[in-house]
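With my numbering, you'll find the sequence shown wraps up at 316, consecutive numbering, no jumps.
No lab work stands behind these hints, which were simulated from the structure alone.
Ideal Cβ positions, reconstructed from N, Cα and C, are used throughout, including at glycine.
What you were told as hints is all true, and nothing was included just to trick you.
Computed spacing ranges between beta-carbons, pair by pair:
(1) E65 to I315: 30 to 40 Å
(2) K59 to V219: 39 to 49 Å
(3) R293 to E199: 44 to 54 Å
(4) K157 to G262: 28 to 38 Å
(5) E131 to V219: 22 to 32 Å
(6) Q74 to L95: 31 to 41 Å
(7) R237 to L3: 29 to 39 Å
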Amino acid sequence: MTLPRLAVTMGDPSGIGPEITVGALADFPKDRAEIIVLGDVARLRRAARITGVDASGLKIRQTGEPTDHLPFGQVSAEAGRASYGYVEAAIKMALSSEVDGIVTAPIQKEAWHAAGAEFADHTSMLAALTETPRHAMMLANDQLRTVLVTTHVPLAKALTEITTERVLGIIELAHDEMRAIGIEQPRIAVAGVNPHAGEGGLFGDEETHAIRPAVEAAVKAGIGATGPHPPDTVFMRARRGEFDIVVAQYHDQGLIPVKLLGIEDGVNVTLGLPFVRTSVDHGTAFDIAGTGRAAAGSLRYAIGSAIDFVRAKGIR
Numbered sequence: 001m002t003l004p005r006l007a008v009t010m011g012d013p014s015g016i017g018p019e020i021t022v023g024a025l026a027d028f029p030k031d032r033a034e035i036i037v038l039g040d041v042a043r044l045r046r047a048a049r050i051t052g053v054d055a056s057g058l059k060i061r062q063t064g065e066p067t068d069h070l071p072f073g074q075v076s077a078e079a080g081r082a083s084y085g086y087v088e089a090a091i092k093m094a095l096s097s098e099v100d101g102i103v104t105a106p107i108q109k110e111a112w113h114a115a116g117a118e119f120a121d122h123t124s125m126l127a128a129l130t131e132t133p134r135h136a137m138m139l140a141n142d143q144l145r146t147v148l149v150t151t152h153v154p155l156a157k158a159l160t161e162i163t164t165e166r167v168l169g170i171i172e173l174a175h176d177e178m179r180a181i182g183i184e185q186p187r188i189a190v191a192g193v194n195p196h197a198g199e200g201g202l203f204g205d206e207e208t209h210a211i212r213p214a215v216e217a218a219v220k221a222g223i224g225a226t227g228p229h230p231p232d233t234v235f236m237r238a239r240r241g242e243f244d245i246v247v248a249q250y251h252d253q254g255l256i257p258v259k260l261l262g263i264e265d266g267v268n269v270t271l272g273l274p275f276v277r278t279s280v281d282h283g284t285a286f287d288i289a290g291t292g293r294a295a296a297g298s299l300r301y302a303i304g305s306a307i308d309f310v311r312a313k314g315i316r
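Please take these sequences and the hints and turn them into a complete structure.
This is the structure:
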């Protein structure tokens, strides 16, 4: 059996990325995937010493300039340029079929901005460089999947971006991706945005003007979508097994339920790309970077999930 091939990016060198990368991979079963790490060799070796793991068996590709002189826990343009370069290199590898998917350790968005990066985050960069017009951010664990209509924008702006066209596109993408991993008839719950899903317009009209028409259009197209459901109960119902995935309208609405179930067991998946991409569901944790206290569970889960997605989609 041919093994899935993955590129793992080290993340911001001043954050916990190097530590969780070596921690996740030091004892990762080598019969599950061929894995190459993109980052700074010296920084990763330092991380191995800090965490007390044996990283001698890791396959590391030096990517960009050395970063081991950078202090832990500080935002810098230099660290931003480095982590941006790791992701850019991984995307090129995936587009050239050198790897089947990429797994990303956390980046610091402020550092990317300081470095003058063209994109604000992983998802927008991936979508642009792969020329993927229809994409979405999914957070998942063993109990719950949620996909977002809007992501890294202020809440006031998110409300203006909740349109029938956008919600319908996310429903369609969720349907296609669930089918791609073997769920033949996906059950898609669409959350409302207002208390009690608006109560017929009493508490807001986004459900009436944008969300419900999207659900109705999806149903007409043969998609198993329902809603808009009250946001305060729909995630509980999905966790109980009533739905396969929940369409959430904005960032925190979708991420809080998944993270509440456990940071170390969650994964961030970019849907719609021409290759598999997963990531941790946490940030750079500058407050503990370089201390050896960072837990590698979420990255290990993201790597395992990437392997599962590659297998489920029939790529390997």
